[in-house]
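2 protein chains.
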Amino acid sequence: MRQLDVSKLKALVTAIFEKVGVCPEQAQIIAQTLLEAEQRGVHSHGVVCVTRYVDLIQKGFMKANMEHEVLRSAPAVEVWDGKRSNGQVLGYYAMKRAMEKAKSCGVGMVGVKSTNHFGAGAYYAQMAQKEGMIGIALSTGSPTMAPWGGAEKAIGNNPLAIAVPTREEIPPVLDMAQSVVANGKITNMMKQGIKEIPEGWALDKEGMPTTKMEDFYSVTPLGAYKGFGMSFMVDVLSGLLIGGGVGFEAGDFKDGPGIMMMALDVAAFRDPQMFLSDVDHRIQELKSVRKAKNSSGIMMPGEPEARSFAECAQKVSVLPEIMDSLNDLARQLGLEPVE
Amino acid sequence: MRQLDVSKLKALVTAIFEKVGVCPEQAQIIAQTLLEAEQRGVHSHGVVCVTRYVDLIQKGFMKANMEHEVLRSAPAVEVWDGKRSNGQVLGYYAMKRAMEKAKSCGVGMVGVKSTNHFGAGAYYAQMAQKEGMIGIALSTGSPTMAPWGGAEKAIGNNPLAIAVPTREEIPPVLDMAQSVVANGKITNMMKQGIKEIPEGWALDKEGMPTTKMEDFYSVTPLGAYKGFGMSFMVDVLSGLLIGGGVGFEAGDFKDGPGIMMMALDVAAFRDPQMFLSDVDHRIQELKSVRKAKNSSGIMMPGEPEARSFAECAQKVSVLPEIMDSLNDLARQLGLEPVE
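Top to bottom, those sequences are chains U and W. Counting from 5, one number per residue, gives the positions in the first sequence under the working numbering. Counting from 5, one number per residue, gives the positions in the second sequence under the working numbering.
Among the clues, some could well be false.
One copy or two, it doesn't matter: identical chains are merged, so the pair holds either way.
Below, computed lysine-lysine pairings styled on BS3-like, alpha-carbon distance capped at 27 Å [to be verified]:
id : residue 1 : residue 2
1  : K291      : K23
2  : K189      : K209
3  : K12       : K319
4  : K291      : K258
5  : K107      : K258
6  : K209      : K295
7  : K209      : K291
8  : K297      : K209
9  : K319      : K216
10 : K63       : K107
11 : K297      : K199
12 : K189      : K107
13 : K295      : K216
14 : K295      : K258
15 : K87       : K100
16 : K216      : K297
Since the hints were made in silico from the structure, they are not lab data.
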């Protein structure tokens, strides 16, 4: 892994997007989401995405600057056509709008069809969390899983992210793919030349479990039929419900994924101060139970990522292969690479 | 298993609740939810619950008839104090209210604190589904799981149910506990004298995997930390957010669980006819992929239960031990047992 200065890397990523026509404000949003993923240790959704997004912009599958049209509007709901704009930028503005809706109705949902890869869902859920709300972010994805019982990839491992505010404790953030591990985790291992996959993560072309990278075909749904069921529900809520892409239609070179941003205004449900105290208390209660044999301790959802974020305030580790590609791209665009 | 006539069994369950003071309308709601669970093959949430609920009514932990107070109200949100009324009846009326809110705002959320066990969440989610809406039902539960990494039970395997309407296909219903299998499934096996638990289902007092019924202590969270994370989020959304019981406070003899009912009015998001067609099409697409080796086929969430429901229109199978307890209770209350 290569150690890089966060601010330099962020400046490079911002500059790259500006070079391909993204306005400074939106380039900043994209860079911010990708760098935060790196700092949180979620390398599969970090700067590895830059070359992919630039390629999509250059090929005309991603608009350099956001365009959107409001298709439907109800007091607590809005649905947009994202017109293949950048997923991070759409996610950012859709969550902002969901939070406005939540302020007036208690809950707000903003769905966007025809988007692009939104990176780590945690980012949008945390936007609400930072305002004292509960944030939920969903996205369809192109197929990485077979329906349970099947042997052909047909459904994404559709992420679900939920973030909850606290008073003193680390705010919990669940950001999970509906597979045992994210597809990107296995493809990142592949890039590092790793030949063995841990048991339970992967299936081969016959839909049978495999630990050999060379036989890797699809990721295993979490809890078998339950993970498949959850993925289907994410397909419905962030795809079919708003006319967004599901399955192969959610792919980079098709209609792109659909996303759903949801915010809950705690004050509509309960006194926010009592809520924050109760969340803190519940976290303390759960973390203080006796440890399992051989356990290194109890972690709340998002706690490892929050610890990584704090440790990586100044510097992040990036795979050499990923940095090489990023610097190659920088040079092509006439920018100074970072080391 | 004993074969019983659905209408006779339902009449008995209704009569039992009326005998302990429940009004006919509400006794009917309770009986309907329990019988539907039996017909759907979800025996852990069927008539096995009757003796438990009657005991709670007799001991004063469950109100015979619903009382509730509206604590908070926003255009799309309502929060009730359920005053320890019956969980099925509160769930039924809370989902009705959530559907009204959804009709005016696009989405409606109604949370109830101080409830009681609501049985199978699928029932409430399906209420919305039957009206062409998407229904979501959540409940906290008393501890059956240890936090991941811990060895002491401190969190429920908090159910999440989501139901989606269709045009022609079987409407998908996901109703899942956040553990590999529901706690009730293992305790039902215990009642049948089964000594071995399938691998991966259960943990012992040290938080280590076990297959011995005698060492069974807690259920394994689905996908390890992910299932724990999901359970925590259900604790937040249907518990802490509305001041409802979580952990031991969600127990029958404490404050009882909190529940959250949510309905989405499809028309606020998209043309409902196009939505229904797309859901049908997506189901067909997923079910038609090539089968995995040794697979018996691809089932959508809730499909096995829907098939069981159709087969059990007239008769259901109930464990002899459960029927014996139910008939004992009937006799005690001066009612005719059913055979």
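Note to self: I want to check one pair: K87 and K100. Are their C-alpha atoms no more than 27 Å apart within a copy, between two copies, both, or neither?
What the structure shows: within (18 Å within a copy, 36 Å between copies)
Within, between, both or neither: K63, K107 at alpha-carbon 27 Å | Neither: 39 Å inside a chain and 42 Å across chains, both beyond 27 Å.
Check your understanding: How would you label the pair K189, K107 (within, between, both, or neither) given a Cα cut-off of 27 Å?
Key -> Answer is neither: 37 Å inside a copy and 42 Å across each miss the 27 Å cutoff.
(request) Since the copies are identical, ignore which copy is meant and state whether K209 and K295 lie within 27 Å (CA to CA) inside a copy, between copies, both or neither. (result) Between. Shortest inter-copy distance 10 Å satisfies the 27 Å Cα cut-off; intra-copy 39 Å does not.
Q | Intra/inter-copy verdict for K209 and K291 if alpha-carbon distance must be at most 27 Å | A | between (41 Å within a copy, 17 Å between copies)
- Query: 27 Å Cα cut-off: does K189 pair with K209 within a copy, between copies, both or neither?
  - Reply: Answer is within; shortest intra-copy Cα gap is 19 Å, inter-copy 33 Å.
Q. How would you label the pair K291, K258 (within, between, both, or neither) given a Cα cut-off of 27 Å?
A. between (44 Å within a copy, 22 Å between copies)
Within a copy, between copies, both or neither: where do K319 and K216 come within 27 Å Cα-Cα?
Neither. Shortest intra-copy (33 Å) and inter-copy (49 Å) distances fail the 27 Å Cα cut-off.
**Prompt:** From the Cα coordinates, with 27 Å as the cut-off, is the pair K295 and K258 best called within, between, both, or neither?
**Reply:** Between copies only: 26 Å across, 48 Å inside.
Within, between, both or neither: K107, K258 at alpha-carbon 27 Å:
The answer is neither: 35 Å in one copy and 33 Å across copies each exceed 27 Å.
**Report entry** Homo-oligomer pair classification [K216, K295; C-alpha up to 27 Å]
**Finding:** between (33 Å within a copy, 21 Å between copies)
For K216 and K297, with the copy left unspecified, which applies at a CA distance of at most 27 Å: within, between, both, or neither?
Between. Shortest inter-copy distance 18 Å satisfies the 27 Å Cα cut-off; intra-copy 30 Å does not.
Hint compliance for this structure: hints 1, 5, 9, 10 and 12 are broken, all remaining hints hold.
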